[in-house]
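Enquirer: Residue strings, one per chain:
Number of protein chains: 2
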Amino acid sequence: MENIPENEIHERIARFQSILSKKNLDGALLMQNVDIYYFSGTLQSSILFIPREGNPLFMSLKNKERARAESPIRNIISLNGKKKVAETLKDFGYKKFHKLGIEMDVLPANLYLWLNQHLKTDLWENISSDILRLRMIKSDYEIDQFRKASQILRTGFLEIQEFIRPGMTELEVDGRLANIARREGHMGILRMRGWNQEITYAHVLSGESGAIPTFLNSPHGGAGNTPAMAQGAGFRKIKENEPIGIDFGVAVNGYIGDQFRTYVAGNLSKKLEKAHECSKDILETLSREAKPGTKCPDLFEIARKIAEQEGLEKYFMGHGESQAKFVGHGIGLEIDEYPVITPGFDIALKESMVMAIEPKFVFPGEGVVGLEDDYIVTDSGLERITLTDQKIMQVAK
Amino acid sequence: MENIPENEIHERIARFQSILSKKNLDGALLMQNVDIYYFSGTLQSSILFIPREGNPLFMSLKNKERARAESPIRNIISLNGKKKVAETLKDFGYKKFHKLGIEMDVLPANLYLWLNQHLKTDLWENISSDILRLRMIKSDYEIDQFRKASQILRTGFLEIQEFIRPGMTELEVDGRLANIARREGHMGILRMRGWNQEITYAHVLSGESGAIPTFLNSPHGGAGNTPAMAQGAGFRKIKENEPIGIDFGVAVNGYIGDQFRTYVAGNLSKKLEKAHECSKDILETLSREAKPGTKCPDLFEIARKIAEQEGLEKYFMGHGESQAKFVGHGIGLEIDEYPVITPGFDIALKESMVMAIEPKFVFPGEGVVGLEDDYIVTDSGLERITLTDQKIMQVAK
Numbered sequence: 001m002e003n004i005p006e007n008e009i010h011e012r013i014a015r016f017q018s019i020l021s022k023k024n025l026d027g028a029l030l031m032q033n034v035d036i037y038y039f040s041g042t043l044q045s046s047i048l049f050i051p052r053e054g055n056p057l058f059m060s061l062k063n064k065e066r067a068r069a070e071s072p073i074r075n076i077i078s079l080n081g082k083k084k085v086a087e088t089l090k091d092f093g094y095k096k097f098h099k100l101g102i103e104m105d106v107l108p109a110n111l112y113l114w115l116n117q118h119l120k121t122d123l124w125e126n127i128s129s130d131i132l133r134l135r136m137i138k139s140d141y142e143i144d145q146f147r148k149a150s151q152i153l154r155t156g157f158l159e160i161q162e163f164i165r166p167g168m169t170e171l172e173v174d175g176r177l178a179n180i181a182r183r184e185g186h187m188g189i190l191r192m193r194g195w196n197q198e199i200t201y202a203h204v205l206s207g208e209s210g211a212i213p214t215f216l217n218s219p220h221g222g223a224g225n226t227p228a229m230a231q232g233a234g235f236r237k238i239k240e241n242e243p244i245g246i247d248f249g250v251a252v253n254g255y256i257g258d259q260f261r262t263y264v265a266g267n268l269s270k271k272l273e274k275a276h277e278c279s280k281d282i283l284e285t286l287s288r289e290a291k292p293g294t295k296c297p298d299l300f301e302i303a304r305k306i307a308e309q310e311g312l313e314k315y316f317m318g319h320g321e322s323q324a325k326f327v328g329h330g331i332g333l334e335i336d337e338y339p340v341i342t343p344g345f346d347i348a349l350k351e352s353m354v355m356a357i358e359p360k361f362v363f364p365g366e367g368v369v370g371l372e373d374d375y376i377v378t379d380s381g382l383e384r385i386t387l388t389d390q391k392i393m394q395v396a397k
Numbered sequence: 398m399e400n401i402p403e404n405e406i407h408e409r410i411a412r413f414q415s416i417l418s419k420k421n422l423d424g425a426l427l428m429q430n431v432d433i434y435y436f437s438g439t440l441q442s443s444i445l446f447i448p449r450e451g452n453p454l455f456m457s458l459k460n461k462e463r464a465r466a467e468s469p470i471r472n473i474i475s476l477n478g479k480k481k482v483a484e485t486l487k488d489f490g491y492k493k494f495h496k497l498g499i500e501m502d503v504l505p506a507n508l509y510l511w512l513n514q515h516l517k518t519d520l521w522e523n524i525s526s527d528i529l530r531l532r533m534i535k536s537d538y539e540i541d542q543f544r545k546a547s548q549i550l551r552t553g554f555l556e557i558q559e560f561i562r563p564g565m566t567e568l569e570v571d572g573r574l575a576n577i578a579r580r581e582g583h584m585g586i587l588r589m590r591g592w593n594q595e596i597t598y599a600h601v602l603s604g605e606s607g608a609i610p611t612f613l614n615s616p617h618g619g620a621g622n623t624p625a626m627a628q629g630a631g632f633r634k635i636k637e638n639e640p641i642g643i644d645f646g647v648a649v650n651g652y653i654g655d656q657f658r659t660y661v662a663g664n665l666s667k668k669l670e671k672a673h674e675c676s677k678d679i680l681e682t683l684s685r686e687a688k689p690g691t692k693c694p695d696l697f698e699i700a701r702k703i704a705e706q707e708g709l710e711k712y713f714m715g716h717g718e719s720q721a722k723f724v725g726h727g728i729g730l731e732i733d734e735y736p737v738i739t740p741g742f743d744i745a746l747k748e749s750m751v752m753a754i755e756p757k758f759v760f761p762g763e764g765v766v767g768l769e770d771d772y773i774v775t776d777s778g779l780e781r782i783t784l785t786d787q788k789i790m791q792v793a794k
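As they're listed, the protein sequences go chains U and H. Using our numbering, read the first sequence as starting at 1 and increasing by one per residue. Using our numbering, read the second sequence as starting at 398 and increasing by one per residue.
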């Protein structure tokens with residue numbers, strides 16, 4: 001078991017405190033498990049108060065000893081019930097607040113109203129977007145975790161190349177991927193921050209099921225095997241000469257690697273092969289063009305233009321009302337992190353951002369083809385983290 | 398792919414509308430995916446308005462056609478962006494509200510504040526607890542789904558009895574369970590409603606790792622293989638003569654079966670065998686005693702007393718500050734449903750409630766032993782749904 005290095009936690013807190021200062025906030029009261037983990041190194045039932053200056057206060061609702069074993073934060077204390085939060089803060093000298101940051105994108109409404117009743121502050125401010133911007137820039141430690149995830153992804157993609165046969169259900173392939181992921185150390189879930197968003201280990205989408213849209217903000221979704229989940233693999237049997245799109249995610253020490261490859265038993269049509277070639281072209285072009293300073297909307301436009309030049313714009317990132325308006329997204333402790341490579345996300349790339357870029361083409365009735373790889377923004381362009389070859393993966397008939 | 402039967406949806410809505418009437422609410426605006434699925438039969442990005450009287454209005458933000466294919470609701474329309482919600486409601490004759498129900502336990506604070514700005518009502522009321530009480534009582538259709546989940550659970554528990562060997566890691570066993578679950582049709586995730594609660598497919602906890610508490614509101618948690626997840630299986634190798642506690646959950650058409658068995662390669666100590674016997678005794682006693690009308694706190698007290706008589710109270714449902722204060726919980730579309738068999742949940746059982754009852758004993762440094770099975774409340778006591786024998790499962794050395 002590997003803890004987050006001590007200096008990493010202290011640096012994260014220092015960077016956050018300088019934001020709190022700039023925004024003239026007295027501090028931030030963090031309650032979401034992922035944010036608490038990011039700033040403390042431990043994921044316990046707890047409330048984390050980070051003041052503008054001085055030591056954070058980790059108030060543990062359960063399991064204080066484990067928090068102490070995992071986190072370098074000095075003040076880790078027991079909170080006997082949430083109701084004691086104001087009293088406990090007072091004990092540490094925080095009697096009155098002018099402006100406090102909270103995570104309003106994820107905090108449930110009843111907890112928000114409860115805070116309003118039990119903690120006095122003149123103003124609450126939503127601090128989530130600042131946290132997400134801070135989390136955009138990855139440290140060397142974090143990049144190492146993505147590299148470990150990439151090793152597991154490669155193992156999975158190569159092992160199922162030998163495993164897949166026509167006649168097998170999508171769910172059999174999915175189960176095998178889950179098995180590989182866990183065996184190799186995937187932590188067991190993929191976290192999403194977005195309200196109501198949820199995702200399975202993998203999407204295994206054969207033939208036309210690759211073109212069935214879902215509630216997920218993604219170019220593909222799949223039929224699934226029940227309307228209660230309505231995404232991912234189902235009991236559909238894999239056939240020859242159709243695209244088998246496989247999106248596979250694994251998380252190591254919280255950090256999610258996210259990759260997509262297209263498999264086929266036999267051959268794809270010329271149209272689908274051309275679309276796959278176009279995905280590769282988009283990835284290569286973006287790898288050269290994306291540098292610190294490049295704006296996200298410009299990157300989306302480069303990708304869209306390449307698709308357009310190939311006459312494939314209608315199928316780019318989905319089709320019809322379900323066409324997704326992005327070609328990449330930040331990855332980290334959550335799979336839907338900043339930056340988003342989309343027209344509306346007007347932010348310039350910075351060194352050490354980590355993103356999944358996923359140019360895909362969705363053909364109604366035929367399926368999904370394309371590529372997805374994870375990249376680090378470096379001074380000289382994008383450096384690919386994921387390891388599998390960028391080609392159509394042949395499986396035996 | 399099996400849709401929820403049409404009459405089932407209409408009955409659920411009718412029962413909910415009679416609650417809305419009783420509470421003098423104009424209607425309820427549902428936004429959480431699980432509640433939307435329960436009342437509509439489709440899980441899409443959408444907002445579902447259920448008026449006190451008349452037809453519900455399903456406002457689809459994406460993927461209207463799939464909603465129409467899965468849901469018997471008559472009014473399924475496109476909502477071009479959330480901002481149009483007030484205007485759309487007006488179009489259907491809902492111009493002004495006096496009191497509206499919303500799901501304040503899960504709705505994010507910023508969405509709640511957005512509603513306050515964009516929809517005029519004199520009062521918001523938290524309707525979640527009413528929805529959860531309504532969802533407590535299961536229909537024949539719902540009970541069928543639990544029975545299907547139980548079949549998969551049995552397959553899994555028997556198949557890994559042949560698979561487990563000392564020297565194997567917990568993660569290898571966990572991966573195999575995930576593989577079986579998906580192959581057999583598990584929908585891919587287990588949903589929890591509680592804020593910050595999350596769970597993996599299975600807990601595979603060997604020896605002392607069964608006694609490591611987590612953020613999860615559960616008697617066991619496990620070390621996991623990273624502080625970023627901090628529960629479930631890890632790289633610990635299974636040894637002879639130690640308890641291997643396996644909690645396994647699968648969901649069929651949304652409905653979660655939840656079961657626990659204790660495995661061993663060799664023998665358990667007399668103390669641990671006695672504790673396992675006590676778990677069985679508690680399940681048998683509760684099966685006889687729990688009838689419509691029995692109060693949940695009384696059931697907890699019966700279980701606690703049996704543990705006490707055996708001198709095992711200190712280890713019952715955890716130990717030390719992490720001892721859980723319940724012995725069972727409702728299951729359904731979420732794994733943390735009503736009723737809760739706990740001193741504080743002062744509700745009487747009713748026919749057709751479905752619960753997982755999980756008397757377990759946790760010995761620090763040694764591990765977790767016990768049983769968990771799923772039951773339906775019937776007139777003559779509890780009927781067991783899960784199928785595996787209630788004994789310690791021997792595996793080869």
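It cannot be assumed that every hint is accurate.
As a list, the in silico DSBU-like pairs of lysine-lysine whose alpha-carbon atoms are at most 30 Å apart [as the list claims (entries may be wrong)]:
id: 1; chain 1: H; residue 1: K479; chain 2: H; residue 2: K492
id: 2; chain 1: H; residue 1: K419; chain 2: H; residue 2: K711
id: 3; chain 1: U; residue 1: K148; chain 2: H; residue 2: K636
id: 4; chain 1: H; residue 1: K492; chain 2: H; residue 2: K461
id: 5; chain 1: H; residue 1: K492; chain 2: U; residue 2: K84
id: 6; chain 1: H; residue 1: K722; chain 2: U; residue 2: K64
id: 7; chain 1: U; residue 1: K325; chain 2: H; residue 2: K481
id: 8; chain 1: U; residue 1: K64; chain 2: U; residue 2: K99
id: 9; chain 1: U; residue 1: K237; chain 2: H; residue 2: K545
id: 10; chain 1: H; residue 1: K634; chain 2: H; residue 2: K711
id: 11; chain 1: H; residue 1: K492; chain 2: U; residue 2: K271
id: 12; chain 1: U; residue 1: K99; chain 2: H; residue 2: K492
id: 13; chain 1: U; residue 1: K84; chain 2: H; residue 2: K722
id: 14; chain 1: H; residue 1: K480; chain 2: U; residue 2: K314
id: 15; chain 1: U; residue 1: K295; chain 2: U; residue 2: K325
Just so you know, these hints were derived from the structure itself, not from any lab.
Enquirer: All hints, please: hold or fail.
Expert: Right, here's what the structure says about each hint:
1. For the hint linking K479/H to K492/H, the alpha-carbon distance of about 17 Å falls within 30 Å, and the restraint holds.
2. As the CA atoms of K419/H and K711/H are separated by approximately 45 Å, the hinted pair breaks the 30 Å bound.
3. Of the pairs offered as hints, the one joining K148/U and K636/H holds, with about 28 Å between alpha carbons and a cut-off of 30 Å not exceeded.
4. A C-alpha spacing of about 24 Å is found between K492/H and K461/H, which places the hinted pair at or below 30 Å, so the restraint holds.
5. Distance hint between K492/H and K84/U is unfulfilled; the C-alpha atoms sit about 42 Å from each other, more than 30 Å.
6. At most 30 Å may separate the alpha-carbon atoms for a hinted pair to count; K722/H and K64/U meet this at roughly 18 Å.
7. As the CA atoms of K325/U and K481/H are separated by approximately 20 Å, the hinted pair is consistent with the 30 Å bound.
8. Distance hint between K64/U and K99/U is fulfilled; the C-alpha atoms sit about 28 Å from each other, no more than 30 Å.
9. Note on K237/U and K545/H: the hinted pairing holds, with a Cα-Cα distance of about 21 Å set against a maximum of 30 Å.
10. Between K634/H and K711/H the CA atoms are separated by roughly 28 Å; this keeps the pair inside 30 Å, and the hint holds.
11. Proposed proximity of K492/H and K271/U is contradicted: the alpha carbons are some 51 Å apart, above 30 Å.
12. As the CA atoms of K99/U and K492/H are separated by approximately 36 Å, the hinted pair breaks the 30 Å bound.
13. Restraint check: the Cα-Cα separation between K84/U and K722/H comes to about 20 Å, which is no more than 30 Å; the hinted pair holds.
14. Distance check on the hinted pair: K480/H and K314/U sit about 27 Å apart at the alpha-carbon level, within 30 Å; holds.
15. For the suggested pair K295/U and K325/U, the alpha carbons sit about 16 Å apart, so the restraint of at most 30 Å is met.
This entry does not satisfy hints 2, 5, 11 and 12, going by the numbered hints stated previously.
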